[in-house]
Amino acid sequence: MALKWRVGELAARKGWGARQLAEHAGVDEKTARNIISGKATRVDLDTIARISAALGIWPGPLWTDPQFTPDRSAWVETAGAAGPARAGELDAVLSGRWDETLDPALERASRSR
Amino acid sequence: MSRAYLDANYLYAHFRDQRDNPDPRVSEWRQHVLDELDGDPAVISALVIDELAYRMILTWLGDDGQRDPLSAFRHDPTGVTRSMRARLEHLWAALELLHIELATTDQGVVDRARRLLVEPGLAPRDAFHAAHALESRCQMIVSSDADFDTVAGLVRLGP
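Residue numbers (the numbering used here), protein chains in the order written: chain A, 1 to 113; chain B, 1001 to 1159.
These are computed hints drawn from the structure, not numbers from a lab.
Positions of the beta carbon are idealized from the N, C-alpha and C atoms, including for glycine.
Please note that a few of the clues may not be correct.
Stated by the list, open to error - Per label pair, the in silico range of CB-to-CB distance:
#, chain 1, residue 1, chain 2, residue 2, range
1, A, Ala-87, B, Thr-1150, 28 to 34 Å
2, B, Val-1155, A, Ala-74, 23 to 29 Å
3, B, Ala-1123, A, Glu-23, 42 to 48 Å
4, A, Arg-108, B, Gln-1107, 37 to 43 Å
5, A, Ala-105, B, Asp-1064, 21 to 27 Å
6, B, Ala-1123, A, Glu-77, 31 to 37 Å
7, B, Asp-1050, A, Ala-12, 36 to 42 Å
8, B, His-1090, A, Ala-12, 36 to 42 Å
9, B, Pro-1077, A, Arg-86, 19 to 25 Å
10, A, Gln-67, B, Arg-1114, 34 to 40 Å
11, A, Leu-3, B, Asp-1076, 44 to 50 Å
12, B, Arg-1019, A, Leu-45, 43 to 49 Å
13, B, Arg-1085, A, Asp-91, 36 to 42 Å
Go ahead and model the full structure; you've got the sequences and the hints to work with.
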């Protein structure tokens, strides 16, 4: 399945249409319009870099792949996948007081054999 | 919308939350994270996988009745890890469903981590977590560890 542009959605969050996006990114307005409408299929790297910089994001989120878009239900379904926490187990995790002796780097560095 | 890096403690709490009796603190934290992600994939690094596996193995030893999980692990790390194969595979399958983006470790990450070790003086693993987050252009780090509050350019989303 083909990737789909998300630039229209991302620009809209800034209140930008094609003209404003073109101005901020320094690209041709027609190019910006084609990208926003999802019609553009061949866009050069310089344009991609300009648009991601204008939107203030890493280029990856400029597109979405419907096959790999995470949905909220996956987070709900995977909760507890490692088994149920014992009483009080999550207290230390949530309070930021994880036992430092259980740091894997320290453990490996101090392993005697 | 924020691009967010997930620390191991967040994923640990998520994967150990009780499905039948969810911890409201974890549920609320998850809700905030999903609101921030707004459909975008979260970001982790290999460090997170390493820490998650290690912590889970010790926890599962405890679940199995081992009174001193750390000593048991240190006595036979490979044997213990091998004995956890089924549970680890189940965990990785769950992680896969979340379509999390893996940040690469390149020279930029190493250089950034070196600087973070000096200023603000993060602990080594924290410096590498923060460096992966920043070099992946994350504005947010999801963690219960307040040490990340000192990192310029990152906002911490805690429980």
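Determine which of the earlier numbered hints do not hold for this structure and return their numbers in increasing order.
Per hint list: 4 and 13 violated.
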